[in-house]
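Each chain is listed here by its residues.
There are 2 protein chains.
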Amino acid sequence: MISVVILGSGNVATHLFKAFNQAEDIVINQWYSRRITAIASYKNDVEIIDDLSLIKDADVYILAVSDDAISELSSQLPFENKLVLHTSGSVSVYDIDKKHKRGVFYPLQTFSKEAEIDFSTVPICIETIDKKSYPIIKNLALTIGSPTKRVNSDQRKVLHLAAVFVNNFTNQLYRIGHEITESQGAEFDLLKPLILETAKKVQDLSPFKAQTGPAKRHDKKTIRKHLKLLEDQHHEDIYQLLTTSIQHTHGRKKL
Amino acid sequence: MISVVILGSGNVATHLFKAFNQAEDIVINQWYSRRITAIASYKNDVEIIDDLSLIKDADVYILAVSDDAISELSSQLPFENKLVLHTSGSVSVYDIDKKHKRGVFYPLQTFSKEAEIDFSTVPICIETIDKKSYPIIKNLALTIGSPTKRVNSDQRKVLHLAAVFVNNFTNQLYRIGHEITESQGAEFDLLKPLILETAKKVQDLSPFKAQTGPAKRHDKKTIRKHLKLLEDQHHEDIYQLLTTSIQHTHGRKKL
Chain D
1 MISVVILGSG NVATHLFKAF NQAEDIVINQ WYSRRITAIA SYKNDVEIID
51 DLSLIKDADV YILAVSDDAI SELSSQLPFE NKLVLHTSGS VSVYDIDKKH
101 KRGVFYPLQT FSKEAEIDFS TVPICIETID KKSYPIIKNL ALTIGSPTKR
151 VNSDQRKVLH LAAVFVNNFT NQLYRIGHEI TESQGAEFDL LKPLILETAK
201 KVQDLSPFKA QTGPAKRHDK KTIRKHLKLL EDQHHEDIYQ LLTTSIQHTH
251 GRKKL
Chain R
1 MISVVILGSG NVATHLFKAF NQAEDIVINQ WYSRRITAIA SYKNDVEIID
51 DLSLIKDADV YILAVSDDAI SELSSQLPFE NKLVLHTSGS VSVYDIDKKH
101 KRGVFYPLQT FSKEAEIDFS TVPICIETID KKSYPIIKNL ALTIGSPTKR
151 VNSDQRKVLH LAAVFVNNFT NQLYRIGHEI TESQGAEFDL LKPLILETAK
201 KVQDLSPFKA QTGPAKRHDK KTIRKHLKLL EDQHHEDIYQ LLTTSIQHTH
251 GRKKL
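For the protein sequence lines, the chains are D and R, in the order given.
Last residue of the first sequence: number 255 in the UniProt record's numbering, and the count goes up by one each step with no gaps.
Last residue of the second sequence: number 255 in the UniProt record's numbering, and the count goes up by one each step with no gaps.
Simulated from the structure, these hints should not be mistaken for lab results.
In this text the structure is predicted, and so the values were computed from the model without any measurement.
Errors might be hidden in some of the hints.
To be verified - Partner residues are not named here, just some residues of chain D that face chain R (Cβ under 10 Å, in silico):
1) Ala69
2) Val122
3) Ala162
4) Lys209
The beta-carbon is built from N, C-alpha and C at its ideal position, and this holds for glycine as well.
Work out the full structure: start from the sequences and follow the hints.
And the structure:
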């Protein structure tokens with residue numbers, strides 16, 4: 001049995017709470033948030049607090065707070081030499097106050113309040129300073145069914161950066177698809193199977209092999225038609241840059 | 001029973017052949033390709049030809065050829081007043097020779113030789129000039145289990161353009177994620193669940209609501225870290241442009 005205290009009230013904190021709460025081998029001793037109203041609806045499931053002086057003993061403290069809050073909150077914790085983890089992809093493990101045993105529990109996934117998460121699809125990237133902390137962090141991930149990967153700081157930061165490309169930027173391309181279709185009387189819904197298939201394809205095939213379309217074919221006629229159809233300069237810039245990028249990858253001349 | 005002749009040997013032609021071949025209410029009279037060797041491996045399943053003068057009578061002729069070949073091939077067909085469809089997202093239905101009954105059977109999906117296709121996830125966008133052709137085209141799609149949508153030329157072209165954003169450009173972002181991780185000693189495989197979840201999320205949630213990350217949060221510190229980490233000027237340009245795009249969408253100032 002691993003005992004944890006969760007700190008924070010954002011998406012990651014909330015989804016971790018739900019997963020830990022359902023896991024058999026984890027007990028959540030407390031859930032802390034500075035803004036206790038944000039987690040008040042869970043008060044029948046767990047002890048909620050907004051006062052760090054009330055914090056109880058636990059095996060692991062999880063700082064699922066915003067990047068900027070990690071350092072200060074870790075200093076304010078009224079104990080030392082306990083295992084304290086943050087969940088950020090980009091913050092250094094050394095941002096955690098050195099009075100603690102420090103580590104990172106970075107769930108490489110997108111979390112929204114609105115969407116349920118199946119933690120078996122959430123790789124947990126684990127980073128530790130002392131090796132002895134590793135097994136307990138790994139067990140913590142396993143109890144919620146997540147695959148784990150031990151990474152160093154550089155790898156974690158690169159994964160976080162790459163995640164911005166494949167998640168935030170990709171989602172913005174979906175948004176542009178939405179804008180283009182809806183502004184011109186077509187249905188975005190028709191694109192949803194394509195969106196899903198595009199993501200499924202690279203589960204087995206490399207993105208290099210999966211590529212198709214006018215940019216890769218260097219199909220100037222279609223590219224010209226598309227640029228003409230685009231009404232927003234901003235969309236046009238993105239079209240040009242990504243077309244060039246595809247042609248660069250696939251050994252063609254620039255647009 | 002609908003009888004068809006398929007013309008072309010590319011990915012769309014091949015996947016349509018396989019789907020029609022399995023469908024109960026369709027008979028494939030012939031499969032034509034200029035390069036008969038490309039389809040020779042199917043000669044036990046269907047009559048293959050490379051000579052248009054041998055073409056047989058059928059209810060529907062499907063020109064699954066490259067955009068540039070549609071017009072000429074349709075003129076060369078040695079008959080008239082039959083239903084002839086092309087499968088392109090961007091070519092005008094009027095590119096088909098006017099001696100035929102003309103229509104479009106545009107499967108809004110990504111096709112690769114390597115990946116099997118489930119046609120129940122392929123919306124068929126149907127365009128016709130004369131209304132009488134519509135029911136047979138719709139039936140053709142239904143026999144392979146595809147949902148259908150009647151569109152006009154403008155809608156089809158806009159869908160094709162949007163498809164480039166959500167498919168080709170998205171796939172290029174996956175490719176960049178691959179380049180960034182592999183060049184810096186991290187595993188692209190760790191990003192695959194995130195890629196899938198990002199696509200799944202917008203099946204129910206709008207891309208606007210699904211957005212997260214440093215650009216949306218206007219998290220300058222993380223954005224600066226990421227730009228510093230990027231080693232390729234080209235990746236940096238894409239990072240900047242899509243960050244600005246997200247901030248534009250979510251009502252923030254420019255980067």
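Does the CB of D:Ala69 sit less than 10 Å away from some CB of chain R?
Because about 12 Å separates D:Ala69 from the closest Cβ in chain R, which is outside the 10 Å limit, the hint is violated.
With chain R as the partner, please determine if D:Val122 meets the hint condition of a C-beta pair closer than 10 Å.
holds, 7 Å
Does D:Lys209 pass the interface hint, meaning its C-beta sits closer than 10 Å to a C-beta of chain R?
At about 7 Å, which falls below the 10 Å cut-off, the nearest Cβ of chain R leaves the hint on D:Lys209 intact, so it holds.
Under 10 Å is the threshold here; is the Cβ of D:Ala162 close enough to any Cβ of chain R for the hint to stand?
Interface hint status for D:Ala162: holds (4 Å vs cutoff 10 Å).
Checked against the numbered hints given earlier, the structure breaks only hint 1 and satisfies all the rest.
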